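Trainee: These are the residues of each chain, in order.
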Amino acid sequence: MTEGLWVYLSASPLLWLAGTLVVWLAATHIAGLVPGNALLNPIMLSVIAIAAVLYFSGVDYDAYFEGAQFIHFLLGPATVALGIPLYEKLSLVRSNLLPLLSALVVGSLTAVGSTVFLADLFGFTPAVVASLAPKSTTAAVAMAISSGLKGDPALTAAVVVLTGICGAIIVTPLMNAMRIKDYSARGFAVGLASHGIGTARAYSVDPVAGLFSGIAMGLNAVVTALVVHLFL
Amino acid sequence: MLAGITVLLVFQLIGEVTAYYLGCFVPGPVIGMAMVAAVLILAEGSKALAPAHRQTLETSRAILANLGILFVPAGVGIIQHLDLIRDRGLALLAIVLVSTAITLTATVWVFILVKRLTGGYAND
Chain A
1 MTEGLWVYLS ASPLLWLAGT LVVWLAATHI AGLVPGNALL NPIMLSVIAI
51 AAVLYFSGVD YDAYFEGAQF IHFLLGPATV ALGIPLYEKL SLVRSNLLPL
101 LSALVVGSLT AVGSTVFLAD LFGFTPAVVA SLAPKSTTAA VAMAISSGLK
151 GDPALTAAVV VLTGICGAII VTPLMNAMRI KDYSARGFAV GLASHGIGTA
201 RAYSVDPVAG LFSGIAMGLN AVVTALVVHL FL
Chain B
1 MLAGITVLLV FQLIGEVTAY YLGCFVPGPV IGMAMVAAVL ILAEGSKALA
51 PAHRQTLETS RAILANLGIL FVPAGVGIIQ HLDLIRDRGL ALLAIVLVST
101 AITLTATVWV FILVKRLTGG YAND
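Chains A and B are the protein sequences, given in the same order.
In terms of the numbering used here, the first sequence has 155 at position 155, counting the first letter as 1, and numbering is strictly consecutive.
In terms of the numbering used here, the second sequence has 71 at position 71, counting the first letter as 1, and numbering is strictly consecutive.
Mixed in with the good hints there might be a few duds.
If you want the footprint, here are the derived chain A segments under chain B, 3+ residues with CB under 8 Å [to be verified]:
#, stretch
1, 2-8
2, 15-28
3, 79-87
4, 90-102
5, 121-132
6, 154-164
7, 218-232
Some residues of chain B that are not near chain A, with every Cβ distance over 12 Å (derived) [stated by the list, open to error]:
#, residue
8, A19
9, K47
10, A48
11, A50
12, Y121
The set of hints was computed from the structure by calculation and includes no laboratory data.
These numbers come from a predicted model, not from an experiment.
From the three backbone atoms N, C-alpha and C, an ideal C-beta is built for every residue, glycine too.
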């Protein structure tokens, strides 16, 4: 009886679409119980919970993605939507143009350079190194860069999300330890190093940090596409 | 709401078409982001576009407030690489952690030092 229901539900994207939304709401609720605790990152909690369910129920990722693709698709319009805060806070961007552009170039070189250097050091194959190199850019862009370099886009997607979560978790303690109080600088750094996940974190901390994070994410997507060719 | 999501999708579409014809590595949505900002700046004060303008702002705020969930489907893709994680997971995690910490530090200090040199903190 339950087996029949399982087969019935598996044929439509409804189960995993609804499942992802429910898990996300539960994860944000749990993360909200301890405000300011970056370790309880809702993205990380959701990924672990859903991955565990798929692993133990034997459902493969393609079947899950049939439903979850409707959420994944919104990454595109969400990137476009980052143009709105850019417009609303244009004067703030203008007055920070030089620091912003210098940090962009140095940050992008550091992100790709340190990743390639470390991955070579650990003896990863060239295909894995290429998959890791664009890890600081937003998922869709990183996957395109990775496949252009003969990397594995699926591995890139996973590493991109891991990078985002790491950045979102360490940014607040790291910046506090360095006594940095300028939220435009903090936001810009997290958006550059950990793309949209860093930006989601930045918006939850401070609106100005969120704005600069979104700008950094957009600009770094462009610069990384050029910078990777210096290292690979 | 409907006008807002339409505006975002149309700008993404224009961005994708532009990216295709330019043959460059700038992704379509990023071009769309720059274009939507440019059009909002140019359309400021236009009465005819005011309702679409307002709806776009509302829809964008709703999407950006829930940005995190959009990364969950890609993140779950990690289960396709369980063998690599089992064998080299710690090395991968070390690379990601160290490189992210270095990148955050380098970026934030360059931003602050250049801002200081150009007198950006003069009013503080």
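Trainee: Run every hint past the structure and note whether it holds.
Mentor: Evaluation of the provided hints:
Given a C-beta distance limit of less than 8 Å, the hint that chain B covers the stretch 2-8 of chain A is violated, as 0 residues qualify and 3 are needed. With 5 residues carrying a beta carbon less than 8 Å from a beta carbon of chain B, the stretch 15-28 of chain A meets the three-residue requirement, and the given coverage holds. With a cut-off of 8 Å between beta carbons, the stretch 79-87 of chain A has 9 residues touching chain B; three or more are needed, and the interface restraint holds. With 7 residues having a beta carbon nearer than 8 Å to a beta carbon of chain B, the stretch 90-102 of chain A meets the requirement of three or more and the stated coverage holds.
Beta-carbon proximity to chain B at under 8 Å applies to 4 residues in the stretch 121-132 of chain A; the threshold of 3 is reached and the given coverage holds. Here the stretch 154-164 of chain A counts 10 residues with a CB under 8 Å from a CB of chain B, which clears the bar of 3, and the coverage holds. Beta-carbon proximity to chain B at under 8 Å applies to 5 residues in the stretch 218-232 of chain A; the threshold of 3 is reached and the given coverage holds. Non-interface call for A19 of chain B relative to chain A: violated, since the shortest CB-CB distance, roughly 10 Å, does not exceed 12 Å.
Every CB of chain A is more than 12 Å from the CB of K47 of chain B (nearest about 18 Å), matching its label as outside the interface. At roughly 18 Å from the closest C-beta of chain A, the C-beta of A48 of chain B stays outside 12 Å, upholding its exclusion from the interface. For A50 of chain B, the condition that its CB be more than 12 Å from all CB atoms of chain A holds, with the nearest at approximately 14 Å. With a closest Cβ-Cβ approach of about 8 Å to chain A, Y121 of chain B is found to fall inside the 12 Å limit, against its non-interface label.
The structure does not agree with the numbered hints 1, 8 and 12 stated previously, though it agrees with the rest.
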